[in-house]
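Student: Chain by chain, the residues run as shown.
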Amino acid sequence: MGWRVGIDTGGTFTDLVANSGTEFRTAKVKSTPPSYELGVLAAIRAADLRIADIDDLVHGTTVATNAIIMKTGSPTALLTTKGFRDVLELRRHNRGEMYDILWDPPPPLVRRRHRFEIAERMNYAGQVLTPLDEDDVRAATQIAVEDGIESVAICFLHSYANSAHEDRAAEIVTALTGSKHVYTSASLLREPYEFERTASTAVNAYVGPVVEEYLERLNDSLRSNEFRGRLFVTHSGGGLLTLDTAVRMPARLVTSGPAAGAMAAEGVSRILGSGDQQLDPTEGSLEEVISLDCGGTSADIAVIRQGKARLVNEFVVEFGSPIRFPAVDVTVIGAGGGSIAAVDAGGVPSVGPRSAGAVPGPAAYGRGGTEATVTDAHVVLGRLSPETPLAGDTELDVSRSLDAVGRFAADCGLSLERAALGIVDITNANMARAIRLVTVERGLDPRQFSLVAFGGAGGLHAAEIAENLEMKQVVIPLAPGVTSALGCLYVDVIHDASQAFVKDLKVVDAAELRLLERELTDQVSTYLALDGISPDRRSFEVSLDLRYLGQVRGVTLPIDLRALEGDDLPTIVRPLFLREYETQFFYAPTDVPIEVAAVRVRGYGYVDRPPLAPHSPPATVSADEPSTRAVLTASGQVSAALYLRGALQAGNWVAGPAIVYQTDSTTWVPTGWRCAAQDSGHLLLQSTDMRS
Amino acid sequence: MRLRDTDPILFRVLNNAFVSIADEMTALLHHVAFSLVVSEGRDASSSISLSNGDLVAHGSQDISAHLGTHSYSIKGMLAWFGSASPESFLSPGDIMIMNDAYIGGTHNQDVRVIMPIFFDNQVAAFITNSAHWPDIGGHVPGTFDPNARSSHGEGLIIPPCHLVKDGLTNDELIRLVLRNVRVSETAYGDLRAQIGAVRLAERRFQDLHALYGRDLLLAAMAETIEYSEALMKDTFANLPDGTWYTESLCDGDPAIPDSEPVPVRLKMTIRGDRAEYDFSESAPQAKGAINGPVACCVSAALAATKCVFAEVPMNEGISRAIEFVFAEKPSVVTAEYPAPISGMAATVYPHVANCVFKALIQICPDRAMAGPNGMSNMTWGGIDERPGFQDREYVCYLWLEGGWGGRPGRRDNHTSMTVFSTGTRNQPVELHERTAPVVFDCYRYEPDSAGPGFSRGGLGVTRRWYVSHGEATLSCLGDGGRFGPWGFGGGKSARPNRFVYAEGTDDERDIGMTVTGMEVKAERVLEYRQAGGGGFGDPLERDTSWVLEDVIDGYVTVDGAFTDYGVVISTESGEFAVDEQETRKRRRHLQGDSKQY
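These protein sequence lines are chains Y and C, in that order. All the letters of the first sequence, read from the start, carry residue numbers 1 to 692 under the numbering used here. All the letters of the second sequence, read from the start, carry residue numbers 1 to 597 under the numbering used here.
A couple of the hints might just be wrong.
Short, incomplete list of chain Y residues facing chain C, as computed with Cβ under 10 Å [to be verified]:
| id | residue |
| --- | --- |
| 1 | F24 |
| 2 | K82 |
| 3 | P349 |
| 4 | L578 |
Only pairs whose alpha carbons sit at most 30 Å apart, straight line, appear in this in silico BS3-like list of lysine-lysine [stated by the list, open to error]:
| id | chain 1 | residue 1 | chain 2 | residue 2 |
| --- | --- | --- | --- | --- |
| 5 | Y | K71 | Y | K30 |
| 6 | C | K165 | Y | K503 |
| 7 | Y | K71 | Y | K28 |
| 8 | C | K521 | Y | K82 |
| 9 | C | K75 | C | K165 |
| 10 | Y | K28 | Y | K308 |
Calculated directly from the structure, the hints in this document are not laboratory data. Idealized CB from N, CA, C, for every residue including glycine.
Based on the provided sequences and hints, a complete structural model is requested.
Tutor: Structure (structure tokens):
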């Protein structure tokens, strides 16, 4: 039986999870920038897989994200409507730092010299006010070519309502340059907001050549090693793209890593929801999970309800470059193992968002870091120890952590122990607050959710964060250090299309809506067909953007248009809208007319997911008394039992305080919590204090 | 016992909790508000105050112009009811509404919704939010009226009133208010968002109460303020002692033909760990709408101070470290009821901020900047005669961004909303054109609009637009038409603002910075050039390669490079290049010129 392989390439490590039948393999190797494809091949070798045996290879890559952050994308030109040359640089005129006059925004992705004004104009209804001046397009193209531009973004005002001018301009540019990298805004996004649409198109153009070049290199090196399977990449919307599609909409690859992490949590939640026998059904709903991916510099948080991660219509990877594609709603906060503890001028401590990153890293890594980090606090407290080394052969140096945390303690006038506990407490509180914002703010009660925590540092914080939020259950997935790679295996092919459609709900003709929905569905279907998804493996989700008449934003409501009968539309949609609005915003006036704003279609092409069946049972089960280690907690020093993750027998509960270690992560089970391995391979932690 | 000594961790956690409650409140406002002004322009703010009104915390992306006044709103409300004890007129669940500029408001369009937080039977704190309604009634769409000679000409004045009392919503009051404003359905949508937001914040605050208890929360709130005060005092203590005199000029009093400029003056004294901001030499109260009540002056001064000392959390503590001194008689920055005030955001705010910046740039030049652009309030409205829009009434409001000033050691500065309004955003052209019969021709940087300097100011922005259907009524309450944002240390000022109607037609007219009720014909183009920021340091010392880059990118023209920077750009090779020899000559010539002065 062939293998399905997920490989997630980050800046530091390349992670792999492979699945065949009920067998799983994992690997973690160093990334190999700039030739990331070598790391991919190395990971496959490290997992002892034959490339020829791989059916599907699903790849998460940071090349697009890196190109933006490191400013290594391609020189790009932007064609704009006459009078709007600076739409990209004016942004929304907000600031990254509200007050600080020394703050500067990152430079725009396209320099002003390469932003060209084209005489043309549509009005809001898509009617031509000024015809396209094709000579303007030719002249701009010529300058761009002379300047060595490889990639062209085209965004005209109101092109979402009528894309004729953009389409024609693209034809001209393509004919003159022969470049594949010509991107029109309307082909990506059929919604108003000129800055956001322009920025999204510019990101596409800026990362396009880089993404294409990398994917070609990867494909070539795999094929030359006898790879005969299908190759996919993951996107920020929690879906897969084939290489061809990825090259057409490369901005979709930006922040695909965090999305893949959330997809893993989604997959885990479905497994849990399917009824693992050790789970107590009274302890919070299992398909309702919050995922917490806590790595070195940041924590990614996502909400998954009824087995599905929430989506947003826009995300930002760098100030000034919003990307308007449906994306898994991942909230990123600057809190991770490398977050630095500092004291402000008035002596009050804070942790993060500044991070020691991978280099110099926490003081304990002995790579030159001297400031106290969260990892150092864990070392001081005894939750991390040189006895149980970290991934990548990192050795922990206790004395360096003691020095760093000691200096921090002196700065804020606390004892060493209080300071170390304080660093962990502030970090936990920051993460708990972020979780509260993404749940409570949206009318969700965190107590109804389970916490799925992973990443190198997730297991160290999960139980205490859960306690903070009164969540009763924590799940640490199979291989917490490679969860994004696992997520790659839980992802389907997904394409999105949307169209602005503004009309009073009362007068909306259902037939008209269905016509539009069919157009969008056809468009998405075409993409799925191009990706080799057969019709029987496709499904579609339709949603409407709805708001009160006169309102600017509103809510997106999933709705099955095809199931609706003609005149019933307003009668059926209205109460659904009111209920959703009430849930999100706590009040929903009934005396204001409701308006439709847009129609969205999301198409799925299903792939083979890993089975729900048990993974390979642990090879050896130790019956010996566990060894112990002294750990400092808020209530004093305790003796924590030490367990090797692989040696935990499914279904046997161990009581906290305990430490469960494995090469890629450590899980802290505090007093008042217990933990057990599951048949599915995941680790379950439950609060015992609150059970009564 | 200070919490930050006994438990600094908990102190941080609670501080963050206060900010996050305000953030949640603002996020809800943005999402559910009806007007483009609030939902996309984000002209709205939220705060938490002590029961006496002292500001504790505000949303991290909120507008400083509002925030400094929130404490005055609550103190003013308490005084209005003649009671220092809020329980005498408030019960749990009550919600108040107000907008009176003389009871701690800003311009009357900024409507405040305030809710007391009760712990047991006592008010423990207040939750406040502000939202700028597109219109609050009065003579012209959008309400900004330079012809007003008293606050009574500036729309509906709402003193503190119960919006909800003893569980009942005061529908009569709501109908009274909505009857007085244009686009009342939009206003109602915004009001409901404001009510939803304070209720949400109240719920969050009660959650905190349940978790931490009354005493701890009250102590933490009080200490949050003391903490900012201590930080601010430390900062002042590290500055040299002394007194600095500064001045900033409003174009003039719109009620007086050919008016002289109207000065705002500050004598800033740093002595030990305290500062004194003495505005008593400012011009007397004006006849026209360029005045501001004292709350606005303080709010602007705090915002500017905070811009320079960004690390000090903004709350009442900053003002406790500063002693404000004002003239006994009403002045342009301490107007008294019912003097007209609706232009304050374009006049008092920027000029008070300028005075503070001008003082601080002398005291600590390494963290200051040259003059930033101010703001203009521009509104127009009418009937939407486009097919399918059912002759709906509309009102548009622009508040116009511009450049910030050059900074020591930096190459230039950028363009943004003005310094006391940084939480706001521009409203997308595509949404504007959907919601009103208007077409924008141009919205881009204006070359050479930035103040030249070793460090160049940010670019100014030109907007050109026309009404596509029907006539509209235009008003503008702006400033900076005579004096562009100031340069410093040899840096030059930026060009002033300019506003022109129907250029090149028979109707052509230089509108100037103030106009009221002007009839605008369909398809006649309006053009507003908002200034860039002032330059910092001698432009003749600006690196020639930086000037060349600016020319290539069109931020500076070839002529501008020659005139302002003494850099000769040749285009002979078909590309822009610096003619080094001619540039040396030109710069020597200009340096000789400047020595003669």
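Student: Hint by hint, say whether it matches the structure.
Tutor: Here is what the structure says about each hint:
Because the closest C-beta pair between F24(Y) and chain C is about 40 Å apart, greater than 10 Å, the hint is violated. Look at K82(Y): its Cβ gets to within about 8 Å of chain C, closer than 10 Å, so that hint holds up. Using the Cβ-Cβ criterion of 10 Å, the hint placing P349(Y) at the interface with chain C is satisfied: the shortest such distance is roughly 5 Å. Residue-level restraint check for L578(Y) is violated (minimum Cβ-Cβ distance to chain C is 13 Å; threshold 10 Å).
Proposed proximity of K71(Y) and K30(Y) is supported: the alpha carbons are some 23 Å apart, at most 30 Å. Proposed proximity of K165(C) and K503(Y) is contradicted: the alpha carbons are some 37 Å apart, above 30 Å. Simply put, K71(Y) and K28(Y) have alpha-carbon atoms about 27 Å apart, close enough for the 30 Å limit, and the pair holds. A threshold of 30 Å between alpha carbons decides the hint, and for K521(C) with K82(Y) the separation of about 23 Å falls inside it, so the pair holds.
The suggested pairing of K75(C) with K165(C) holds, with an alpha-carbon distance near 20 Å, which does not exceed 30 Å. Between K28(Y) and K308(Y) the alpha-carbon distance is near 28 Å, which keeps this suggested pair within the 30 Å criterion.
Violation of the numbered hints given earlier is confined to hints 1, 4, 6; the remaining hints are satisfied by the structure.
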